[in-house]
Amino acid sequence: MLAHTIQRMTGIVLLVYLFLHVRTIYALRDGPQAFDRAVAEFRGPVFKLLEIGLLGVVILHALNGVRITLIDLGVGQTRQRQLFWIGSIGLGALIFLAGAIPLFRSSVVGR
Amino acid sequence: METPENMSSYEFRVARSTGMRRFKLALGERATVLDALFRIQAEQDSSLAFRCACRVGMCGTCAMEINRVPRLACKTRVAKLGGRKIQVAPLPNFPVIQDLVVSLEPFFRQWKRVKPALRANGEDALAIVPPDPDLSRKRDCITCGICYAACGVARSSADYLGPAAINRAFLRIHDPRDSAAKERMKILNDEWSGVWRCHTQFNCTSVCPKRIDLTDTIGRMKRAMLTA
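Chains A and B, in that order, give the protein sequences. Residue numbering for the first sequence follows my numbering, beginning at 1 and increasing consecutively. Residue numbering for the second sequence follows my numbering, beginning at 112 and increasing consecutively.
A hint or two may mislead.
[Stated by the list, open to error] Rough simulated footprint, nothing fancy, chain A against chain B, three-plus residues with beta-carbon under 8 Å:
hint : region
1    : 232-242
2    : 323-331
[Claimed, not checked] Distance condition first, Cα-Cα at most 25 Å in a straight line; then the derived SDA-like pairs of lysine to any residue:
hint : chain 1 : residue 1 : chain 2 : residue 2
3    : B       : Lys333    : A       : Val13
4    : B       : Lys249    : A       : Gln82
5    : B       : Lys297    : A       : Thr69
6    : B       : Lys297    : A       : Asp72
7    : B       : Lys226    : B       : Ala236
8    : B       : Lys333    : A       : Pro102
9    : B       : Lys333    : A       : Ile68
10   : B       : Lys321    : A       : Gln77
11   : B       : Lys333    : A       : Ala40
12   : B       : Lys191    : A       : Ile68
13   : B       : Lys249    : A       : Ala62
14   : B       : Lys191    : B       : Pro206
15   : B       : Lys333    : A       : Tyr17
16   : B       : Lys196    : A       : Gln82
17   : B       : Lys333    : A       : Asp72
18   : B       : Lys321    : A       : Arg79
19   : B       : Lys196    : B       : Val318
20   : B       : Lys333    : A       : Ala62
[Claimed, not checked] Taking CB as the label site, the calculated pair distances span:
hint : chain 1 : residue 1 : chain 2 : residue 2 : range
21   : A       : Gly76     : B       : Ser158    : 32 to 38 Å
22   : B       : Arg248    : A       : Ile86     : 45 to 51 Å
23   : B       : Phe219    : A       : Leu103    : 44 to 50 Å
24   : B       : Ile239    : A       : Arg8      : 29 to 35 Å
25   : A       : His4      : B       : Lys226    : 27 to 33 Å
26   : B       : Lys135    : A       : Phe42     : 35 to 41 Å
27   : B       : Arg188    : A       : Gly76     : 27 to 33 Å
28   : A       : Glu51     : B       : Arg230    : 58 to 64 Å
29   : B       : Ala137    : A       : Ile86     : 40 to 46 Å
To be clear, the hints were calculated from the coordinates, so they are not data collected in a lab. Using N, Cα and C, we set each Cβ at its ideal position, and we do this for glycine too.
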């Protein structure tokens, strides 16, 4: 149930992000300057931190999605808990740290 | 005979039709939730309604929600619940008749939809089928409704067949004597009420008192649909 809840919550966060992303890209319609202005809204440290959070959300959603796909294919059915804790959470944390640390250094600390 | 030394005191919060009621009880190490309910009924509240029959986990009649998890009251030891406050409520996803007694009508409505009885032609019904170890545990279903109560999909969609009914259809489809496999597959393949509604939450598998891997059954049916 925890995995299911996480999948739904991260899905909603990604949906909100998708709308925000489309809204930003849509500014291209009004030319490069308008696009630059739209992107500039996200250059603050708060948005950089949210970007790191987004990385975590994407990783968690993707790895849990892979877990569900494997189970649907009949792989790891009896080890679904281990798949969640080791595959989605454990491996996800490692990938997240590998991406979040450089991102944090370059965009928040190194500003 | 238990002595007061090996008894522990508990506070039971029992969902009555009229609201939540608290009962204080001293129970031994081996006491089950069903024992506690009988004690409450005998000593504190004779009007408390609950159901039970076999008392050994064979009939599924005493299914109820204990500490927010659907379980069999007769197989749940109070001491093993890990706490002094025990919450007992009727099974979710079912209409309450009184106190802890629910109507299993939604469960059996779905059960009937998969045509649970064997449909064999002539002499096929008398054939002796060799036991299949892969399916033997799946035959242990006692139709207690616990999987249906724990299912998040059944909670949001009354049309969903539910894990037990799908498991029953699965067993019939894999029975070499049965002649209604196509009919059952069609019911299971329904987009709004069949196997495709399962969100692979594993709730049914984790609460099944007979330890039937119901998510595996549903997954196998999904794959069978794709290759049929």
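Taking the Cβ atom of Gly76 (chain A) and the Cβ atom of Ser158 (chain B), is their distance within the range 32 to 38 Å? 49 Å, violated
Against the 25 Å threshold, does the CA-CA distance of Lys333 (chain B) and Val13 (chain A) hold or violate the hint? Outside the cut-off at roughly 29 Å; violated.
Given pair status - Ala40 (chain A), Lys333 (chain B), alpha carbons within 25 Å: Violated. Lys333 (chain B) to Ala40 (chain A) sits at ~47 Å, over the 25 Å cutoff.
Within the assertion that chain A covers the region 232-242 of chain B, do at least three residues meet a Cβ-to-Cβ distance smaller than 8 Å? Violated, because only 0 residues of the region 232-242 of chain B bring their Cβ atoms closer than 8 Å to Cβ atoms of chain A.
Do the Cβ positions of Ile239 (chain B) and Arg8 (chain A) conform to the proposed distance bound of 29 to 35 Å? 47 Å, violated
Counting residues of the region 323-331 of chain B that have a beta-carbon nearer than 8 Å to any beta-carbon of chain A, does the count reach 3? holds (count 5)
Need the status of pair Lys226 (chain B), Ala236 (chain B): alpha-carbon distance at most 25 Å? Cα-Cα ~16 Å, so holds.
Does the structure keep Lys333 (chain B) and Asp72 (chain A) at a Cα separation of 25 Å or less? The hint holds at about 8 Å.
Is Lys321 (chain B) close enough to Gln77 (chain A), meaning Cα to Cα at most 25 Å? Since the Cα atoms of Lys321 (chain B) and Gln77 (chain A) sit roughly 18 Å apart, the hinted pair holds (cutoff 25 Å).
For the range 35 to 41 Å, tell me whether the beta carbons of Lys135 (chain B) and Phe42 (chain A) fit it or not. At roughly 58 Å between Cβ atoms, Phe42 (chain A) and Lys135 (chain B) fall outside 35 to 41 Å, so the hint is violated.
Consistency of beta-carbon spacing, Lys226 (chain B) to His4 (chain A), with hint 27 to 33 Å: Holds - the Cβ-Cβ distance for His4 (chain A) and Lys226 (chain B), about 30 Å, lies within 27 to 33 Å.
Is it true that the C-beta distance of Arg248 (chain B) to Ile86 (chain A) lies inside 45 to 51 Å, as the hint says? 26 Å, violated
Of the numbered hints listed earlier, those contradicted by the structure are 1, 3, 8, 11, 12, 13, 14, 15, 16, 21, 22, 23, 24, 26.
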